[in-house]
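J.: Chains as they are written, first to last, in the numbering used here: chain B, 158 to 304; chain P, 158 to 304.
Worth flagging that the hints you see were computed from the coordinates, not collected in a lab.
You can't tell identical chains apart in this list, so a pair holds if it fits in one copy or across any two.
Under the rule of at most 16 Å between Cα atoms (straight-line distance), these lysine to aspartate or glutamate pairs were calculated in the EDC-like manner:
no. : residue 1 : residue 2
1   : Lys203    : Asp234
2   : Lys235    : Glu204
3   : Lys270    : Asp258
4   : Lys159    : Asp169
5   : Lys235    : Asp207
6   : Lys215    : Asp177
Protein chains: 2
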Amino acid sequence: MKQPDCPLCQTDGGHILWRDAFSRVVLADEPDYPGFLRVILNAHIKEMTDLSPADQVKLMRVVWEAEAVLREVMQPDKINLASLGNVVPHLHWHVIPRFADDPHFPNPVWGQKIPHGNRHAVPADLAVQLAHAFNRRLAPAPETEAR
Amino acid sequence: MKQPDCPLCQTDGGHILWRDAFSRVVLADEPDYPGFLRVILNAHIKEMTDLSPADQVKLMRVVWEAEAVLREVMQPDKINLASLGNVVPHLHWHVIPRFADDPHFPNPVWGQKIPHGNRHAVPADLAVQLAHAFNRRLAPAPETEAR
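Based on the sequences and whatever the hints tell you, model everything.
T.: Below you can see the structure in the form of structure tokens.
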């Protein structure tokens with residue numbers, strides 16, 4: 158079911174923090190937003206209402222774990238959640254830690270920049286801390302269990 | 158639990174299409190985006206992970222019904238879903254019908270405008286059609302049932 162022209166079918170879409178057969182969590186490459194996560198469905202499906210009710214909940218449970226991991230590791234002032242997909246119509250959720258002094262706050266990250274916004278200072282091993290938190294909260298991937 | 162300084166505690170937040178004791182669906186006043194819906198939790202709660210797991214799913218079921226209603230009534234090219242709350246930290250979901258020729262497509266509605274974008278033509282009774290679809294799909298509000 159992989160689409161040849163879809164970047165989320167053809168690549169991981171970021172640095173993998175956790176994955177299973179159904180979905181994956183990646184750390185996005187967004188220099189202004191350390192900790193910007195994406196929860197990506199592994200299948201090429203466009204809208205939430207194209208999923209079965211059980212799969213809708215299954216995907217959101219990963220989104221909410223991503224929110225919980227960011228709150229635990231980064232203590233943001235607000236979490237932003239969004240499923241847009243206008244450019245890449247393959248279900249993926251943006252899970253974004255927002256800080257009152259970040260480059261767009263209180264605007265959405267897609268809105269107007271605030272001139273005095275700052276990149277939030279984060280520990281050098283942020284990706285490791287996030288991955289540990291995911292693997293503690295969610296079952297490890299089947300391929301990891303089998304080793 | 159109503160907050161005196163919260164507009165979503167103090168007002169409906171738009172034209173009510175459907176409501177029950179837990180949440181409500183309003184048609185937002187967004188002139189560029191006819192059919193822009195908001196699903197608003199009635200309680201003043203900030204993040205999805207502040208809700209119980211059962212209430213997380215309960216709220217999302219209304220979001221997905223909103224997506225289904227928009228697809229049924231307006232046949233958009235894409236649905237955008239977002240819970241931001243940087244300005245008003247009271248849980249509310251934006252459910253936005255997007256069209257390939259709309260004022261921002263394929264950017265998010267909070268992003269850069271496309272000069273040649275169009276307001277999508279809609280029937281004059283759009284709000285009535287949406288409200289009918291919600292009331293057919295979701296149980297009527299308790300106060301309506303009692304009448």
